[in-house]
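Using the hints, put the two chains back together into the complex; each one sits in its own frame.
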Amino acid sequence: MVNDPLASETPRESAVAAQTIRVNVDLLENLMTMVSELVLTRNQLLQILRAQKDSEFATPLQRLNHVTSELQEGVMKTRMQPIGNAWAKLPRLVRDLAHELGKKIDLQMLGADTELDRQVLELIKDPLTHMVRNSADHGLESTAERVAAGKPDIGRVTLNAYHEGGHIIIEISDDGRGLNIDKIKSKAIQNGLATEAELAGMSMQQIHQFIMKPGFSTATKVTSVSGRGVGMDVVKTNIEKIGGTIEMNSVEGRGTTFVIKIPLTLAIVSALIVECGGERFAIPQISVIELVRAAADSEHTIERIKGTPVLRLRNRLLPLVSLQTLLRLGDKNLADAEETFIVVTQVGNYTFGIMVDKVFDTEEIVVKPVAPILRHIEIFSGNTILGDGTVIMILDPNGIASATGEISLAETVRGKAATVHTTRHEEKMALLLFRAGGGAPKAVPLSLVARLEDVDMATMELSNGMPVVQYRGRLMPLVPIEAGLDLSTEGRRPVLVFADGDRSMGLVVDEILDIVEERLQVQLSADRPGLMGSAIIAGKATDVLDAGHYLTRAYKDWFGSGSDSYEDERSATRILLVDDSPFFRNLLTPILSVAGYDVTTVDSAHEALNLCEAGEDYDVIISDIEMPGMSGLEFAQTVKGGSRWKDTPMIALSSFSSPRDLDRGRQAGFNDYVAKFDRDALLYTLSQTLAEHRGAA
Amino acid sequence: MKAKERLPVKAGSRDEGVSSGSRDFVTMTIAEQLFGIPVLQVQDVLGPQRITRIPLAPPEVAGSLNLRGRIVTAIDVRMRLGLASRAADKPGMSIVVDLKGELYSLMVDVVGEVLSLADRDFERSPATMDGRWREVSTGIYRLNNQLMVVLDVPRLLAFNGVEIG
Numbered sequence: 001m002v003n004d005p006l007a008s009e010t011p012r013e014s015a016v017a018a019q020t021i022r023v024n025v026d027l028l029e030n031l032m033t034m035v036s037e038l039v040l041t042r043n044q045l046l047q048i049l050r051a052q053k054d055s056e057f058a059t060p061l062q063r064l065n066h067v068t069s070e071l072q073e074g075v076m077k078t079r080m081q082p083i084g085n086a087w088a089k090l091p092r093l094v095r096d097l098a099h100e101l102g103k104k105i106d107l108q109m110l111g112a113d114t115e116l117d118r119q120v121l122e123l124i125k126d127p128l129t130h131m132v133r134n135s136a137d138h139g140l141e142s143t144a145e146r147v148a149a150g151k152p153d154i155g156r157v158t159l160n161a162y163h164e165g166g167h168i169i170i171e172i173s174d175d176g177r178g179l180n181i182d183k184i185k186s187k188a189i190q191n192g193l194a195t196e197a198e199l200a201g202m203s204m205q206q207i208h209q210f211i212m213k214p215g216f217s218t219a220t221k222v223t224s225v226s227g228r229g230v231g232m233d234v235v236k237t238n239i240e241k242i243g244g245t246i247e248m249n250s251v252e253g254r255g256t257t258f259v260i261k262i263p264l265t266l267a268i269v270s271a272l273i274v275e276c277g278g279e280r281f282a283i284p285q286i287s288v289i290e291l292v293r294a295a296a297d298s299e300h301t302i303e304r305i306k307g308t309p310v311l312r313l314r315n316r317l318l319p320l321v322s323l324q325t326l327l328r329l330g331d332k333n334l335a336d337a338e339e340t341f342i343v344v345t346q347v348g349n350y351t352f353g354i355m356v357d358k359v360f361d362t363e364e365i366v367v368k369p370v371a372p373i374l375r376h377i378e379i380f381s382g383n384t385i386l387g388d389g390t391v392i393m394i395l396d397p398n399g400i401a402s403a404t405g406e407i408s409l410a411e412t413v414r415g416k417a418a419t420v421h422t423t424r425h426e427e428k429m430a431l432l433l434f435r436a437g438g439g440a441p442k443a444v445p446l447s448l449v450a451r452l453e454d455v456d457m458a459t460m461e462l463s464n465g466m467p468v469v470q471y472r473g474r475l476m477p478l479v480p481i482e483a484g485l486d487l488s489t490e491g492r493r494p495v496l497v498f499a500d501g502d503r504s505m506g507l508v509v510d511e512i513l514d515i516v517e518e519r520l521q522v523q524l525s526a527d528r529p530g531l532m533g534s535a536i537i538a539g540k541a542t543d544v545l546d547a548g549h550y551l552t553r554a555y556k557d558w559f560g561s562g563s564d565s566y567e568d569e570r571s572a573t574r575i576l577l578v579d580d581s582p583f584f585r586n587l588l589t590p591i592l593s594v595a596g597y598d599v600t601t602v603d604s605a606h607e608a609l610n611l612c613e614a615g616e617d618y619d620v621i622i623s624d625i626e627m628p629g630m631s632g633l634e635f636a637q638t639v640k641g642g643s644r645w646k647d648t649p650m651i652a653l654s655s656f657s658s659p660r661d662l663d664r665g666r667q668a669g670f671n672d673y674v675a676k677f678d679r680d681a682l683l684y685t686l687s688q689t690l691a692e693h694r695g696a697a
Numbered sequence: 698m699k700a701k702e703r704l705p706v707k708a709g710s711r712d713e714g715v716s717s718g719s720r721d722f723v724t725m726t727i728a729e730q731l732f733g734i735p736v737l738q739v740q741d742v743l744g745p746q747r748i749t750r751i752p753l754a755p756p757e758v759a760g761s762l763n764l765r766g767r768i769v770t771a772i773d774v775r776m777r778l779g780l781a782s783r784a785a786d787k788p789g790m791s792i793v794v795d796l797k798g799e800l801y802s803l804m805v806d807v808v809g810e811v812l813s814l815a816d817r818d819f820e821r822s823p824a825t826m827d828g829r830w831r832e833v834s835t836g837i838y839r840l841n842n843q844l845m846v847v848l849d850v851p852r853l854l855a856f857n858g859v860e861i862g
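Heads up: the protein sequence lines correspond to chains P and B, in order.
Be aware that the first sequence starts at 1, since it is given in this note's numbering, and climbs by one per residue.
Be aware that the second sequence starts at 698, since it is given in this note's numbering, and climbs by one per residue.
Here chain B stands alone, though its shape is the one from the complex (with noise of 0.2 angstroms):
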């Protein structure tokens, strides 16, 4: 628990997309590819973590490590997505995230900022895109240079068949 930051998230920011016609992303990149999550869903950005291999898990399971005394589940986004593995010496980020009750460390390259974007910049993802993506996003913003992916975090956390909750 060395390099952790506490996210701005604030209790106000709940309306969002009704008024402004916005919403807020936590922004993070794999393999240069940027992505984003929908704020209220992340919880804690780590820095590198000692994590605790778990064998017979799936693949995507980097394994566990303990987040001020609860016991996180760590997935490795680009085993998810179907990329190869981080070089060694990249030490990487992760993301908390909450889904009904149970806390995910999502591991990804980099975390970068919280972007407030336009509704009318999303679009459906395209159908020609990866079939291993399409399956876990739900949509693509345009950016002024370019392109965010925005993951669905429940549908990132179905693996194998297995239904989580």
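Okay, chain P solo, but in the shape it has when bound (with noise of 0.2 angstroms):
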């Protein structure tokens, strides 16, 4: 055993090129299970070897040393996949965004070979489409506005994907309009998230930040892909979650690139570690930025604003935190401390420093799950075994900040403006205010605009009728807000386009005021038609416009009474969606309930097998299918394996759609298989299968 290392028992000396066989996904990750073991083990001999000198052991350990080493590396290539994967869908999407946005895109795609885990490519996937949409429809300028400011009439996209350090670098930059600081300022004050004199405080690149936010959007012109204020600040939160960062930069008239920052690979990662109160911590090295060592005899001194220790570094103030405050790790005073070590960590945009009171080394570590009644403490995103064989709680620097919030809230306006927000917005809805026919302001959910556009008057023409208006070579009828309400033939006026497949209709108003976020609650119900009741939306009572309504009457008199139906049948019928993201929930449900459908949404497969057992009942299931715990395909074959929801149908959702998964889908009792993204088809099938359904019972 000592004089026969394993490096027979490599792998790698019989690999033929250009072979491949397919591998199950579970033995790959057992595979890298064992691997993660068999490091930890590798670590703790070292350990021991470390403190013999002179020992037999010596030359045998360092060969299983590196062979380990080129193992775990080895293995964790069979779980790389090349970042092209994730973008394979991104030109025709491009495409297809062009054409409808009536812009010229050219979309470069640099380093899409460069490989990263498949788990992390999972998660960074949807994130990167949005971003590329936004970048799109966005970032650009239209053709016209190019040319005036002396442009190429092409935009340009750019992604480019590389490797540095231990970390995946992924830019996605346009060319277009760049960030307008005015208009994040305006809509900063109005959304209360700071004060004028604070954002005069601010520089550029905080000011920047806010677009990642929450509810933020700057985009007056709302388009069916984006604008909804749904956006970069899911984008950002699914990113943190995997470790990663994302950083901008945008100057204005030359464009925006977005840099995201994310570990090769969750599993294995390097950890810096610390002790405070006597405790070891490990806290993973892609947050950490620099370590400062503070004592009485030292350049670097802590100092106290009212108890906040501080730290002045390079002419700035950095905040610090106390692990040991901060984990209640007894109560020795600090101050009395004779040097204290501060790791210098940064959580998106925000730094900050980490008191600790000493530092060792930095160690590979198996990030391990702590156990189920630990969860709740959101400073420790895991545990491992070091090397020596204790357990030690890995920090989590994004639960630091948060913990912390209140804090650097009340610190500098730079703390302020950087502080990490972790506010979900559930339940919240994008809503477009506008007037139209006197009275309160009115509001319509802002999914179910597809666009908002300029109508000269003067083009409007009478048909059977009524009014409308020539718009991308089909007749559109344009509604005012109330029947009988004529139109005037002069001047421009703003309308609301609402689409529906390919037939569209135009409700003129007099203003679009704003874009809202809002927890949609009508409180008095309106019996006058077109109105569904009243809502204080932004301070103000606000009428909320009931767009079936205008929708039937434009259909109605316009296409025939098939459509009439229709629409009915679909209020009443109820979806439940089954989906892990909360990026896809957010996304989806609002273009659901916009289509008339009743939407439940719940997060797991177990949740929704709970629902059917709590006795709920729905028109048709909408699951994903790759979901943590049980697959879709899993929650597919109970259901039709004899629950009570046996005959409802069922749509997969996902991001694979080839003709196998397809297939997989059907085996597992899934009625129809929709790609992700894929709005029209998501609403095509839906109806399809809800007819086809009715049809059959």
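Do not take every clue at face value.
[Stated by the list, open to error] Cut-off 27 angstroms, straight-line C-alpha distance, at most; resulting in silico cross-link-like pairs (DSS-like, lysine-lysine): (1) P/K306 / P/K125; (2) P/K540 / P/K213; (3) P/K368 / B/K797; (4) P/K185 / P/K540; (5) B/K797 / P/K241; (6) P/K368 / P/K358.
[To be verified] Facing chain P, a subset of chain B residues (Cβ under 10 angstroms, in silico): (7) I748; (8) L753; (9) A754; (10) E757; (11) G760; (12) S761; (13) N763; (14) I768; (15) I772; (16) M776; (17) E799; (18) L800; (19) A855; (20) F856.
The set of hints was computed from the structure by calculation and includes no laboratory data.
Built from N, CA and C at the ideal position, the CB exists for glycine as well.
Printed below as a string of structure tokens:
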């Protein structure tokens, strides 16, 4: 054993190029776990060896060390996938967007063969797609604007991925209009995120950060793809969840660049081991910027403002967090400590220092989840076993930042601007506020509005007694807010375009006011047709429009009565949406409710089954396939295999939609299979499935 | 991982209580009281261990330890039962149990032998017993000279309203 190293067991010898086999992902995961254990054991052995000089084990252990490292690398490679897999659908997406928006867009993708862990790949796929949409839609100006600004008429969106250190860097840049500082400022004041005085003291970077806040959209033009205020904050949360960071750089008139930095893998990370209050902790290296030693005799000393420790670091005040206080590790006064080490940590753009007693080495650690009874402690992201066999907790800088959020809010403007917000905005809804026909301002769910147009009323024609305009090569009926209200034929008027399939109608309004994110609670129901009722929105009583009324009005008169019953049928339809990703739940719920469905969302198959047991009934179930715990396929099998819901049609939702996946989905019991992000296909499939089901029933 | 001994758990003992009308329990003592855990739920018996404290954890969680490369959460059963902490000079022992794939180490004073107890000696916990004890036990066995409280592992590990798993 001692003389025969493990070298002969390395699997790489027999690898033959250009031959591949299919291997179950579970097998690879298992292999990864085993290798992780091996790494830990190796670390323990090396630790023992360090204590013993001139051991005869030294040489074989060194070899074991190397072999283990190579094995680890090899196994990691099996989990690696080129990032191009996540990009495959983007050219099509951009082409469609270009077509729809009437822009010329050139999508450049560099470094598509950069590899990263498949687990990480899955997690960044959706945020990436969203960001590319954003760049193409908001970032780039229209062709006319570009030409006027002296730029080439083809707008460029560039995706660039490469390795740097132990991280993957993904850059998404456009050469569009850049972020408009003034717009962000006024929006920030409007949303009450900052006062004018605070804004004046902020740097450009800090002001840019506001676009990462929930419900923040400066787009005055709402399009079918973006500007709904659900966006960058969700992207940011998703990226931070996997230990990544996102930064942005924008020059007005020149374009915007987003830089996403994510770890190569989530399984093994490099961590800094620190000690505090006699306990050791690991801090992931990715968030550590530098280490500062503060002592009475050194150039750095900790100063206090009303008890709050701060550190002067290169002419800036760095907010400090005492790990000892935070973790309630005894109450020894830190000011008495002879020396303190400060781990300068960055979470997003928020930099702060963590005060610890001692700093040890960095070590490669295998992140293991903590026991379920400890999951509620957000300061820890996991635990691990060190080389010497002790268990230590892994600190989560994100958790520390949010746990100390109050401290940093009380500090300087700088701290305030950079505080990490963990606000979730479930149940909130983006609403478009406008004025029409006098009275209170009116609101309509933003996701319902396909586009906002500015129509020259002189182009209005009368056809069959209805006012229409030619819009994108078709006739679009124009409807005033109140029946009988005459539409003047002069000047330009803003028009909300509602679209359904290839038909659209325009609602003529007086003035677009704002887009707000609010919890929609209709308080007074109205008996006037066309209004759902009144609600308090942005502090004012607002009439909430019943868009369905206007749609049917335009359709019934114009397209015949067929669509009438269709609309009614829909509104009674209950949908259960099962998806583990909050990103998608946020994205799909408005789309579905706008289409007139009654949507219930749950984040796991188990919860869905609980609803089944609780006696709830749905007309159709939409389920994600890749979910932790019970997968969509298992869920479908359980449901179809004799549950109360076995006759309920099910639609699978997945990022993978190859014929093979489709087959597997069918076998599991799904009636249909739709690719994520394909909104039209989803709505179409829904109505098809429902029609079939009703026909059969 | 010093004084560690594997319990002779046989696969054949699964049919306990069916034919013989008896069940096997690992016994343990906490503050002079005898407790028992069904033998099939027990993975390991450990001597004193080096335990890493977990800040901010519920008081019943003593910390976590490394058991052959697996991280095990240590539960202070005395704390869970509302008893005073063990004297510092008494080393104590632990019983490792598996609950839904997670390992938990139950810290007790002394781990005793495995007893095979007849079903007819079993009784439900008396209604007058301490509420906290009644919550975590399934019943009581009458032994010759003392009583043994049967601990219900899932309920023992569900505290502060936090459901495990």
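Status of the hints after comparison with the structure:
Restraint check for P/K306 and P/K125: not satisfied, since their Cα atoms lie roughly 45 angstroms apart, outside the 27 angstroms limit. With a CA separation close to 23 angstroms, the supplied pair P/K540 and P/K213 stays within the 27 angstroms bound. Taking the CA atoms of P/K368 and B/K797, the gap is near 16 angstroms; set against the 27 angstroms cutoff, the hint holds. The suggested pairing of P/K185 with P/K540 holds, with an alpha-carbon distance near 22 angstroms, which does not exceed 27 angstroms.
Pair hint B/K797 plus P/K241 holds up; C-alpha atoms about 26 angstroms apart against a cutoff of 27 angstroms. Restraint check: the Cα-Cα separation between P/K368 and P/K358 comes to about 24 angstroms, which is no more than 27 angstroms; the hinted pair holds. The beta carbon of B/I748 is positioned within 10 angstroms of a beta carbon in chain P (closest approach about 8 angstroms), and the interface hint is therefore held. Evaluation of the B/L753 hint against chain P yields a held restraint, the C-beta minimum of about 5 angstroms falling below 10 angstroms.
The interface hint given for B/A754 is met, as the beta carbon of that residue sits about 6 angstroms from the closest beta carbon of chain P, less than 10 angstroms. Checking B/E757 against chain P by beta carbon gives a least distance of about 9 angstroms; that is within 10 angstroms, so the hint holds. A cut of 10 angstroms between beta carbons decides the hint on B/G760: the least distance to chain P is about 8 angstroms, and the hint holds. Restraint check, B/S761 versus chain P: the minimum CB separation of about 5 angstroms is within 10 angstroms; hint holds.
Here the hint on B/N763 is kept, as its CB sits about 5 angstroms from the closest CB of chain P, short of 10 angstroms. At its closest, the beta carbon of B/I768 sits 5 angstroms from a beta carbon of chain P; the interface hint therefore holds under the 10 angstroms criterion. Taken as an interface hint, B/I772 checks out: its beta carbon lies about 9 angstroms from the nearest beta carbon of chain P, inside 10 angstroms. Using the Cβ-Cβ criterion of 10 angstroms, the hint placing B/M776 at the interface with chain P is not satisfied: the shortest such distance is roughly 13 angstroms.
Interface hint status for B/E799: upheld, as the beta-carbon distance to the closest one in chain P is roughly 5 angstroms, under 10 angstroms. The interface hint given for B/L800 holds, since its Cβ lies 8 angstroms from the closest Cβ of chain P, which is under the 10 angstroms cut-off. The restraint placing B/A855 at the interface with chain P holds, with a minimum CB-CB distance near 8 angstroms, inside the 10 angstroms limit. Contact between B/F856 and chain P, as hinted, is supported at the beta carbon level, the nearest pair being about 8 angstroms apart and thus within 10 angstroms.
Violated hints for the displayed structure, listed by number in ascending order: 1 and 16.
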